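Starting from the two chains in their separate frames, assemble the complex, guided by the hints.
Line by line, the protein sequences are chains A and B. Here the working numbering is used: the first residue of the first sequence is 14, the next is one more, and so on. Here the working numbering is used: the first residue of the second sequence is 143, the next is one more, and so on.
Note that these hints are calculated values from the structure, not bench results. Hints should not be assumed to be uniformly reliable.
Which residues of chain A face chain B? A few of them, derived with a C-beta cut under 7 Å, are [said to hold, decoys possible]:
| # | residue |
| --- | --- |
| 1 | Q108 |
| 2 | V111 |
| 3 | L112 |
| 4 | V120 |
| 5 | W234 |
| 6 | M280 |
| 7 | F283 |
| 8 | F287 |
| 9 | P294 |
Since we're looking at a predicted model, the values are computed, not measured. Just so it is clear, CB atoms sit at the ideal spot from N, CA and C, and this is done for glycine as well.
Listed below are the residues making up each chain.
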Amino acid sequence: MVEILQTIILGLALGGVFALMGSGLSLIFGVMQIVNLAHPALIIAGAYIAYWGFTLLGVDPLVMLPVAAFVLAAVGIVLYKLVFEREARSAKYTQMTVLLTFALAMVVEGALGGAFTNTQRVTSPDYATDAFFFGDIFVPKGQLYAGMVSIAIIVALSLFLKYSRFGYAIRATTQNRDAAELLGVNVNFVGMMSFAIGIGLAGAAGSLVSFVFSFFPAKHWEWIAVLMSLVVLGGMGSILGTVLASFMLSVVAAFIGVYFGASWSTMTFFLALFLVLLIRPQGLFGEKPELA
Amino acid sequence: MTMVIDTTTDNTSSVLEARKAHNAKLAAAADKSRATWFPLTILAILLALPALQFVGNYNYLLHLVLFTACYATMASGWNVLGGFTGYISLGHNVFFAIGGYFAGMIFARYGISTIVLAPLAGLVCGAAGFALGQIMLKTRGPSFIISSLALVMIVRILLDHWKFVGGANGVALQANDLSAQWAKLPYYYAFIILAAFTVWACYKIKHSKFGLGLRAISKDEIKAESAGINTRLYKQLAFAISAAFVGMAGAIWGEYLTYIRPNIFTIILVSVYMVLMCILGGKATIAGPVIGAILLIAFNEFFVATLGASEINILATGMIMAICLLFFPLGIVGTLAKHRRLPRILNWD
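Next up, chain B with everything else stripped away, as it sits in the complex (with noise of 0.2 Å):
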């Protein structure tokens, strides 16, 4: 009898260890597949690269790179909810409003740089989604989606019609005081370090046993909670995480552009491109939002510097959206590995 026990505990635990063995082996595989050097060489050169001011005039340069890790950010974020949980936001822009309006309007009334106020405003976001969270995760599928854009078109009158916040004029933020040639800087960096930390920390979360339970709810919510996991609680969470990201973008956004005002931050098509950054360059990846922020922000710039048109803009950013949905659901992260041609520079998963 005994006998018999003891081969049962045997055989559990060798296939315990067989398990733990096989998982170290397939984590082996991906470390080695992983190349951390691309992303932290990127991060260099970029961190580097102001060091162009002194030889020459390259403020559109850093512009173009800061509007890009503006932007990585913000999918970053969203890719939390729309991509790991698989909760589509179509309002995500409402933190981005959030975290402008909170920061700005401290630094138009007290001094204090936006750039010390963005953790703040990170979880002054982070708390709003967290309470949005607990009544607008009780619809799900498209019910979210169209309560999203309603919170959007909530939020715009409201912000439309505060006084305080100077309604739809909006208020003007104090500019630096540092020269044309290094005014930037500040704002540079701290959109880079920023975008760094998010990539950082969705890479954390995604590997994390939270960040497992938020893809066991995007597969199926109800395996997920009889499977044990507090699904509600999770889905809370990701939200306010999410809106935690795209709120600190939201902060130091409005002191670069020295102004805040109602159709900067509320306007469809900021939320817009969160969600296709993330869907053209693959929806649960880490790298995809970054690779698809980088390509939507060229892809604009192109088509407004050679045609001109918003009209034209608009029209080629549905094509986009529609060919992606229809084509590459997966996005080109997702497409690529699912053919097992992913380049290993972009495996940061």
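Looking at chain A on its own, in the form it has when it is part of the complex (with noise of 0.2 Å):
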């Protein structure tokens, strides 16, 4: 019993972070139809950002945030000025941003790679290492106050969708673009910043990576499947239904993990992600299949 609620927790502090991992990239989607496979890799970047505060400045990863986000939002707005709006009016255009990205995911790894060697590496703060004890059961410092932040971050991005006047103009194209731009909203530049925002996201998310996970250059491939896993899940488009998959799905893979060993236990996003797409690509909580 004991053995199971531990399982659970430490599952639920992972799917934390997963959750601000997957939530930009859902929103890229919802406002751009961009399928970001640069998301994880850009995570990374915002990781080594993190690293290097530590490293070299000693500031905590948590500090570092911020910056990290600010920075890959501004990375965002370049890469949508560069790339995606020049290509807002080509044919097969989802279909030409997967290729695009997936591209742009093999120029961050190589560059990051070329920077910073293929090593890997943990920003290691006193609380990374630390654990809460309640009787048997233990709760890691690192990734509790990461799930929190994450969590934190979530609402105050829900918040934000929900009553300013950006986030409705966002909803807005989400649900509609060519209604939203008839109504007056200026929809490229809701575009580009949801772009820069989700970006930040990925920034923000790669500075928690930093002391959750070990992290060097070309992880972000095993991760494009797993943070995929967790949108195509939640349905595209939709951060609640993001959260919630990926609380589900770590939760899941932390069982996989225990019961039949840690290598197999990154299957579950794999296997989940290759069956929702063949049985419900609208995901959980889609309402038609967005990603046909």
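Next up, the structure:
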């Protein structure tokens, strides 16, 4: 019983981080219809910012989080201007963006690998290796803090989307781009800003990742499928769906890891991605098959 | 009354005749602009190339040609699904792995050369492709791309854990007992012939009714369906055929390297190369994948030789892919053909 509870807690703690990693991806797809395969590579870029901030300057990764978020949001604006704006009117746009972001992922991986080599790294502030103990159950502090921060960020994002004027514009563009444009929304600007917010979330997630997982540039391939599984299971474009999917899948993955061995646990995500795309492409909370 | 009917039938038949004459004229013009002698000459030169071994050690050159031929085979195979049919798969190295493991394991156990086994491996991969197509082709566009990526990850984990095929360490295969001077020769000829066969088969497919159907699917699947094409079966067959070519290449590749291991067959860069060669050379053209393979392999060797860093190589590969997609989505052959600048020797279509 204790073991089961412990597994659930460990799964939920990771789920929080996955939720933040996936929500930026979900936002970008919802507004821009871009399937951003470069998202995990950019998360790793964010992780490097936090890592160097901690190693060189001794700044806590949680303090580096806004820095990583803003740097990557700026990168997002540049990428949008350079790459995606000109593609917005092309035929087979979504399919094209998949290939483009895939190429982008390689560029980011190669640049990070060239600059920082492919050594495994992890930021190690005091709390990363510490834990709270409740009787027989332990909760790793690092994962707990990371989970709490990411939930806080996601709640703030949801409130922003729900109540701010710009949030209205983003949601309107998600629902119907043409109608939003007719009603006076500058959809191109909204697209650019939500792309920047999404990539900024990747930076924020990266600084959490830096002390929760060990990372190296080539690791993002594995995360592509992991994050896609969260977003697809949650229903492309639904942030709430992504959050729920990441808690569900990471708890399942934790159980698989305990009972079948740690190297099988990522199989949960890959298999979920494959099966959801084939059986229920609209995901749990999507209404129509968005990705068809 | 009868007269009216007669005139109409006369009219339709004359229209049909005019169209037939027009088609014949187009075909004749295409024949005239096609330089069949060029690929044949290249093939002849490549077949004679190992004679260089009599005058010196050109093993590296042979390796490069063989490597290029391997990728030309795979890219041309990928082109049947990704180019003609328009279903971009980032997971085709799965069939590279299935072919390699199938033939490699039989070779390890019973000592039958993988060159003999290659057609059988092709059949096995074709069957696997047909079965996977049955489920994966329910998705299209981006979903298909992502599900193909998931497939690679799944196969990678399965191979890593499958004890029978050696898990993550793989299986060592026996090298042949030829002297170092001639050791590459069987694989060299196998790959050259395989590549030539694949290119020829792609040409035949493109110009068949089946190929026309595939191209209709890539333009507009719903219209193709309503025009009476069995799109489901066509797509599945295209998947199977492209899997078969990739699988045959994989079969021989394992024995050539003398070991089979998950991280040679299932790394993402293998399938990226297939995709990128087609995009660079020109999707849905015959010469495109071959030109793409030659350019990318040459470029790859150049970077590894001068910079020696695989990270820079990945960066540059990504750059090439992004630039191609943004500025020349039709690829080299497609862009030249669009501007009517395609040299005759590259017109293999």
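So, going through the hints one by one against the coordinates:
Interface hint at Q108 (chain A): satisfied, since its Cβ lies 5 Å from the closest Cβ of chain B, which is below the 7 Å cut-off. A least Cβ separation of about 5 Å between V111 (chain A) and chain B falls short of the 7 Å threshold, and the interface hint therefore holds. Annotation: interface hint on L112 (chain A) holds; nearest CB of chain B at approximately 6 Å, less than 7 Å. For V120 (chain A), the interface hint holds, since its Cβ comes within 7 Å of a Cβ in chain B; the closest pair sits about 4 Å apart.
Hint on W234 (chain A) holds. Least Cβ distance to chain B is approximately 5 Å, under the 7 Å limit. At a threshold of 7 Å, the smallest CB-CB gap from M280 (chain A) to chain B is about 5 Å, leaving the interface hint in force. Against a cut-off of 7 Å between C-beta atoms, the interface hint on F283 (chain A) holds, since the closest Cβ of chain B lies about 4 Å away. Contact between F287 (chain A) and chain B, as hinted, is supported at the beta carbon level, the nearest pair being about 4 Å apart and thus within 7 Å.
About 6 Å separates the beta-carbon of P294 (chain A) from the nearest beta-carbon of chain B, less than 7 Å, and the hint is met.
Of the numbered hints listed earlier, not one is contradicted by the structure.
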